[in-house]
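Asker: Here is what each chain is made of, one letter per residue.
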Amino acid sequence: MLNAYPPEENWDDHRALDAKAWPRRVERRFRLVPTTCFNCEANCGLLAYVDKDTGKIAKFEGNPVHPASRGRNCAKGPATLNQVEDPERILHPMKRVGDRGEGLWERITWDQALDEIGERIGRAFREDRRHEVMYHVGRMGDDSYMEWVLHAWGIDGHNSHTNICSSGARVGFATWMGFDRPSPDFANARVIFLISSHLEAGHYFNPHAQRILEGKENGATIVCIDPRLSNTASQADHWFSAWPGTEAFLLLAIARLLIENDTWDRAFVERWVNWQTFLAETRPDLDPVFDNVGPALLDHYAEYTPAEAARVCGIDEDRIREVARVCGEGLGGFAGHTWRAASAGNEGGWQVSRCLWFVTVLTGSVGTEGGTNANGWNKFIPVTPIHPEPQGEWNDLTWPAEYPLTHHELSMLLPHFLKSGRGRLDTYFTRVYNPLWTNPDGFTWLEVLADPEKVGCHVALTPTWNESAWYADYVLPMGVASERHDVGSFETHNGMWIGFRQPVLRRHGELEGESFNRTHEANPGEVWEEQEFWIDLSWRIDPDGELGIRRHFESRESPGTPLTLDEYYTMLFEGSVPGLPEAAAAEGLTPLEYMRRKGAFALPGDQYRVYERDVADADLAGTEKDALGVYRRPGTAGSYGSLDEINGHMPFIGDGSPAVDIAGEAKFGFPTPSKKLELFSETMRDWGWPEYATPTFIRSHVHWEDLDFAAGERILVPTFRIPTLIHTRSANSEWLNEISHRHPLWVHPGDAEELGIEENGLVRITTRIGHFVIAAWRTEGIRPGVVAASHHMGRWRLDEDKARSWGAGKASVEREPDGRWRLRREHGNQPYDSDEPDTGRIWWSDTGVHQNLTFPVQPDPVSGMHCWLQRVTVGPAQPGDAYGDVVVDTEASHAVFEEWLAKTRPGPGPGGLRRPLWFARPVKPKATAYQAD
Amino acid sequence: MTRLGFVLDSGSCIGCHACTVACKSEHDVPLGVNRTWVKYVETGAFPDTDRHFSVMRCNHCDDAPCMAICPTSALFRADNGVVDFDDDNCIGCKACINACPYDAIYINPATSTAHKCNFCNHRIEEGLEPSCVIVCPTQAIRVGDLDDPDSEISRLFASGEGKVRTPEQKTLPKVVYKGADPSTLDPLASAIAADGLIWADTTPAHSTPTPVALTAAPSRDDGADMARTVYTTQHKPTWGSMVSGYLVTKAIAAGVMLVASLQVMLGHGSEQAAVGVVPPMVAGAFLVLTGALLVGDLKQPRRFHYLLTRGNRTSWLVKGAYVLAGFAACLAAWWIAGLADAGGVLLLLVAPTVLLALGTAGYTAFLFFQCEGRDLWQERLLLPVLLAQAMVAGGSATLVMDLFMEVPETGAVKVMLAIGVVANIGLVAIELRRHHSRHVTMALADLTRGAQRSRFLAWLLLTPPVLLLELFGPVPSALGGLCALVGLFAYEDAYVRAGQSVPLS
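Going down the list, the sequences are from chains A and B.
Using our numbering, you'd call the opening residue of the first sequence number 1 and step up by one each time.
Using our numbering, you'd call the opening residue of the second sequence number 1001 and step up by one each time.
FYI, nobody ran anything at the bench for these hints, they're computed from the structure.
Any given hint could turn out to be false.
Within a straight-line C-alpha distance of at most 25 Å, the following computed PhoX-like cross-link-like pairs (lysine-lysine) qualify [what the hints assert, rightly or not]:
{"hint": "1", "chain 1": "A", "residue 1": "Lys20", "chain 2": "B", "residue 2": "Lys1319"}
{"hint": "2", "chain 1": "B", "residue 1": "Lys1299", "chain 2": "B", "residue 2": "Lys1094"}
{"hint": "3", "chain 1": "B", "residue 1": "Lys1236", "chain 2": "B", "residue 2": "Lys1094"}
{"hint": "4", "chain 1": "A", "residue 1": "Lys95", "chain 2": "A", "residue 2": "Lys926"}
{"hint": "5", "chain 1": "A", "residue 1": "Lys20", "chain 2": "B", "residue 2": "Lys1236"}
{"hint": "6", "chain 1": "A", "residue 1": "Lys95", "chain 2": "A", "residue 2": "Lys810"}
{"hint": "7", "chain 1": "A", "residue 1": "Lys903", "chain 2": "A", "residue 2": "Lys926"}
{"hint": "8", "chain 1": "A", "residue 1": "Lys20", "chain 2": "B", "residue 2": "Lys1094"}
{"hint": "9", "chain 1": "B", "residue 1": "Lys1319", "chain 2": "B", "residue 2": "Lys1299"}
Could you build the full structure based on these sequences and the hints that come with them?
Answerer: Structure below.
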């Protein structure tokens, strides 16, 4: 009877009754332009309702043809409207006129910004200071565009936020299967096993929540491991509040029970796991026959009994047995996920994902219906239509020798490396990234960002003011979800899709007959988009083409002029997305027009058990089968003489071997050296960590048995997310901040009693480098011994009237005589007058505490992942403490950095390489760049 | 026919607040108010802790108290059974907010009119589902037709599996909850702890029983432990001093005329100034003040005449307006007869004047009865209390008037005042001693021991002295009368506020 959305054929002229005028019937005319959300990573579909009379976006709803979000959104989707209309957003390019951090700015033109920054970078390139140009990204938005740009520039200048996010989980997955991310098929699962809060937070939570609930409806058992009661935990059949850092122990106990109960998928393991290597390496005393694998595993994991797991994890033994039984009954249907949480919290956290995948493997659930796929088989990254050669450079600031196995750059160590004299930056772009606020040890970032000797020029590409942009030299406004182009794809379910983000008002204007040279002509103010910016900037870097850069950004249709995005996307969608040209033709559209009209495309085909696919003989030509049945191709990373040979033949993941022999058939396999799932990782063994070659429990840096509880020590979980907010981008949404604006410290009432903390009382949390003062929230929803505060809040601004948001309080930053930094909260949120009446209706004042400032960097020695959990001392506030106070000693933080650095086992690894060639790496360089000096 | 309702599936709700934001976007709902929101409640002790979610909004009741009380039919029943509203008719009297047992209605600060969920009827009209329905990631909000016996919502009702909020209000709600924990549906089954909410500030207007209320009524009706509200929204009380003041001014107007009628009955109709002219002038002045307070409390004061031109006759605001108008007419006639020194006419006017004075004093009881959300105001003794208060107010005012002119039969007036005082205090005492629902117990706790304690005490201290002071000369008597009037205002203010102190959501 009722529909969710207007029919697609009406999207260009949708007539709707005005909600405010109702019950008077006032008709409004809209054009519905699809785009994708730019808040979390999920890229859910949005439909922008452009009011044809005002030419403005009236609202955002979901895009019903989007394969992942299916027309539905979380709170952050419709809240995009707030970000578009935010009264405090940056509308014009700004250049600093006072000292860094002084907050004095002048408005400049885009031309001036491009000229000045382009000239600077061009000079650095000409002077062979390529590694001094760095692009540091928070939210990517697009999967491959920057690889094209950076390859064209010939620099190893990519930096990401990943090692404060997911490096840990990635290493654990990648060492099993090459792919670094899981893709659970929740909708069809029998067991949904979450070491995460994917029903309410995290990437893809909207698409995942949809499918988790479908699975639940179909009878799946939901297991959630989390020290605190998340919304996800509250909907789970089993909530295990295990001691933080013991999750791997629990998983290994479950794995062992599966084998002990003989409820494991022996056939799958025999077929797809490198058990021969496992036996040879760990039990040379046994015959290399599969029947020995079970007993060998039971021996190998002898200490992981349910009783010991119950003791170590602090949970009920019977429930461990019960969950193991459920997992054993649901063979093939184990959909497990961990992404940040424990993997991002603990030293050795990467083993949490490795152990979770162990259970996935034992239950035979890899890539099955209802099981867990590899992200690479559910995520589609189109190849950019222009392929400059990869860079021949290796940037030690981002990929230091100490961390050969890290997944993604050691971005959070950048300021310490700069302080240690490992290099300097000439031009540093931050892109939708706020390192000073988001990273641990923000005061060290502040010191470095404020120092022109270390960072010559900081260009902040951001839709809104933030703490880091305040210390920039240029602040260049870049669009939000409806103001930019990007192509993104994520592994949300069984299937592959791409989503297309587009500048909505430009699209609308063009359909109305207007024409635009650049997107900033159509966006609010002069807000631009990065993709056009990079093209224009590349022209200014290399105005005469002598650097060989400009040619990559030149129009193919009109040589001598910059490439347009229409041309770029025409090439991309025609040439790089299987099935799209055919689908478009079926509707009488060009592929680009198809994407502009629909905003998303589901690639045809099923993605279950991709590894079982047969490999055609033609693809095996020229290969040689090795002793373990892997078809190796000469001149690839799997089989090469010199690195020069494989330049140009480096796949994104894997060593280039096309197949593996399984029972006499050439199968697609996994992109690992063995082409199988690696229970025993020879890479770990060869790169310095033989003791971690198999799934292992590593005792966390916050392991509870090491804590002195009587002295007030507790484990702080400072990372959890809540459904409405997303890092620092959501501060500019009034609706989201109205719902959530405080992050009190969750503490169990028993703990509060013991620690002398009163209801809503102020608490001082002392870390190794300083302390912060926060308010208590006593709850039965957290494990005694653990305290937690969501990471979202604690935003601040230094100027009363500038850089305001719905979530930033006014603060002051000063350096005390003893050298310690102090952030003091002057006041929280207050109503103020603006063109937006709602700024006068702000009714809340709390804006939280910037706790990350007090965390030293704690890079996991293997994965490089920042170990977010903190061993802290918790007690009532002390005289003179005020809510929101933060005090930090950055000398102490540098000492902690050096301490953690000393835990590493630096490369080079085998062959004098900086990193295994088969590992994935963003903006992967030429093979020769892997050779250590 | 179609009778639309919502199925709110708490078993699928993940507490993500997407519905809240989609609704804000669709209807441009300002900060501070909500048409729909998600309530979080926590139960149990670690590690058996649980968190429950329930979406809160208008219940589109088949017997909607908001429609009955709305004086201008701004709230109306749409053909599809939805309770919709028309901004153009709303005078902003806020009666609907007190009539609604679900905290569903608010005054939109941008329009100064009453708003609430209207089922996105502008979308329904065009065959589209409401915004909250389409946005929900887990499809936990579903539209159903109660006139279709095969619909999910009908089956949930029929099987008893579906639960509704406060069924005892008998409003016939059409929003049914599936899998909701009882603690989220009963507003008195959970409270915000001193630590506040999980991720929002707690203001005094956030829905929770106060600690004092909980001391008075600690045990849940279902015997379970009190749960903890960890997320909810604010609902500011809408009636305050203007309404309390209106109760006093009209009590004075009515009471003064009751005294004047008494004088006429006692044969003093010929006392032109003290009976014929001044009382209707004083009563008239207070009646004008009453009207001014009523209009002044409207969020759309310029639309006050809608009460008459667009009047909804089921509303006691409208009926009350008729009573006040009739009383005003009576006062005018009295005054003219007084000027004409026509004592005989006054005798004829006594009966209608007494009736209309009692109506003026007492109709508010029926108005308050219509406030289904305020159980304190539903108590049956309200009518006699209001009448006793009119006697107190009339007697007291007359004793003050006695300072400026010669009031005949002051003895009788003092007796009437004394009866009023004793009756008023006695009736309140009876009310306080009776057994009540938890809601009323909490409201009474707020009245006597909670936020209204000082007002209540002021009334208790300021009212009885007149019984003693009136035994002395005119000045002490007038002073006693003044104290009683101030006390009366304190009581009305306490009563009006206490009635609104109990959370509904």
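Asker: All hints are to be evaluated individually against the structure, with a verdict given for each.
Answerer: Consistency of the hints with the structure:
| no. | hint | verdict |
| --- | --- | --- |
| 1 | A:Lys20 / B:Lys1319 | violated, 30 Å |
| 2 | B:Lys1299 / B:Lys1094 | holds, 8 Å |
| 3 | B:Lys1236 / B:Lys1094 | holds, 11 Å |
| 4 | A:Lys95 / A:Lys926 | violated, 36 Å |
| 5 | A:Lys20 / B:Lys1236 | holds, 23 Å |
| 6 | A:Lys95 / A:Lys810 | holds, 23 Å |
| 7 | A:Lys903 / A:Lys926 | violated, 29 Å |
| 8 | A:Lys20 / B:Lys1094 | holds, 20 Å |
| 9 | B:Lys1319 / B:Lys1299 | holds, 20 Å |
Hints 1, 4 and 7, counting from the list given before, are not met by this structure.
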